[in-house]
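Taken in order, these protein sequences are the chains called R and G.
Heads up: the first sequence at position 126 corresponds to 126 in this note's numbering, and the numbers run straight through without jumps.
Heads up: the second sequence at position 25 corresponds to 25 in this note's numbering, and the numbers run straight through without jumps.
No lab work stands behind these hints, which were simulated from the structure alone.
None of these values were measured; they are calculated from a predicted model.
Hints are all accurate, no fakes.
Below, a list of computed lysine to any residue pairs in the SDA-like style, where the Cα atoms sit at most 20 Å apart: (1) K47(G) to I25(G); (2) K252(R) to E41(G); (3) K252(R) to G21(G); (4) K50(G) to N225(R); (5) K50(G) to G71(R); (6) K50(G) to G67(R).
Covered by chain R, according to a simulated footprint, are these stretches of chain G (three or more residues, beta-carbon under 8 Å): (7) 36-42; (8) 47-54; (9) 74-80.
Output of the computed footprint for chain G on chain R, the stretches with three or more beta carbons under 8 Å from beta carbons of chain G: (10) 233-244; (11) 250-260; (12) 301-308; (13) 398-408.
A virtual CB, placed ideally from N, CA and C, is assigned to each residue, including glycine.
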Amino acid sequence: MKNKYSVFSLIKNALSQHENWQQAWGNPEPKKEYDAIIVGGGGHGLATAYYLAKKHNLKNIAVLEKGWIGGGNTGRNTTIIRSNYLWDASAGLYDHALKLWENLSQELNYNVMFSQRGVMNLAHNLQDVRDLKRRTHANRLNGIDAVWLNTEEVKKFCPIINTSPDIRYPVLGGTLQRRAGTARHDAVAWGYARGASEMGVDIIQNCEVKGIKRNGDRVEGLETNKGFIKTNKIGVVAAGHSSVIANMAGLKLPLESKPLQALVSEPVKPIIDTVVMSNAVHAYVSQSDKGELVIGAGTDSYVSYTQRGSHNIVEETLKAILELYPIFSRMKMLRQWGGIVDICPDASPIISKTNIKGLYFNCGWGTGGFKATPGSGDLFAHTIANDEPHKLNAAFNLNRFVSGDLVDEHGAAAVAH
Amino acid sequence: MFLINCPFCGERDQSEFSSGGEAHIVRPKQPTELSDDEWAEYLFMRKNIKGIQFERWNHVHGCRKWFNVVRDTSNDKILSVYKMGEKPPVNYK
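Put together the whole structure using the sequences plus the hints.
Shown next as structure tokens:
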């Protein structure tokens, strides 16, 4: 790497008042033609470009981003990373990603602040208890760490939780994945962008795709606001806007795009050193390294591309947070925002070829795509480079909605989608 | 968050309603004759439009009746409301 980050580079740049840091990635104008183009410069898109260049030796590639990199859902999520999914296909996919997370800072020479602080999922009724216990068994059969905690153990692990038996949604126990945790979301996009740019990938920001040029059953290039760009391989990683891009190629996807909200509080001293998710009451909370509580809410029920959400959704989430953590009753919330998430009928993603040659889609991550960023990029790069899925994403093809072989993670994934 | 003008009850808060998704998806007349592709199209594929979308809503915490709405999904503005069985307004495409 040309400008390797290390303690020495930090000292050297400190001595020159930090005025000589090099630009971390280039800002090129698009070329006339590329071997492959990735549409969408979020974490998944940049990771795809990074692994295409690194593992599949495709150097003449571009990432097109209509805004700025990492400005979409990559910068809008609650940064939770875990792999405790029920079904074998999902477990394989998400644990592949988790294993890549464990070495990502070293791999990218960029501190993504991956913190394996554990993720705890709470059970509030008997059915939750049965479902979550079943899931811990399924996880362990797939080699994924998972333990069941009873109410006392939950309290011991996270003492600020209200475990009183007479609250509306009493805590009857929970599951814990210790290898799970959080990471710094922007750093993931920036680290992949820097790594990809270093290998010659063109990252083109403020470049919006306006149309897909087709010749019969294959793609020929993209119309953009920076002119026509020729290519015969297009990988679309456009999250909430996947259907919009698909429509340009005359394709329909099994997706609905909905606003998903999150909010952060004012910063306070360390109070919660893990991630706690509650499926039934729809409240997720962790604490950022700056000290803010990071709170995830639910999706709105209707299709919308507005990147904001309804107030009643936030209100319900905060009600639940207050009941579970009475200590937060006087916390002030600083910011609230929404991201547009593309949800599949079975709440599992699509990493797939399409019936148009050279057009690939990586979408449908719904409310939980951040955790999969490295794995998604790696497997999508494999799919694009070989025109065949990797065995880990074979189940996540578009054809499953025709064959009926769905990966039904609705509810099964320990999270209300 | 927005207000919806229920054709039976008048203007109410959106939180009183539940969204029924894309409107005018016709139920297959002869389900036994459908191919797998046609089933996938009917059950799963959605237009998911950014812009003017025709959709169904139910006033679930009110009169509990279903009706249709024309809404711009890029800004959540409601352009028209019409009852079930009525023809969709022609001035929106």
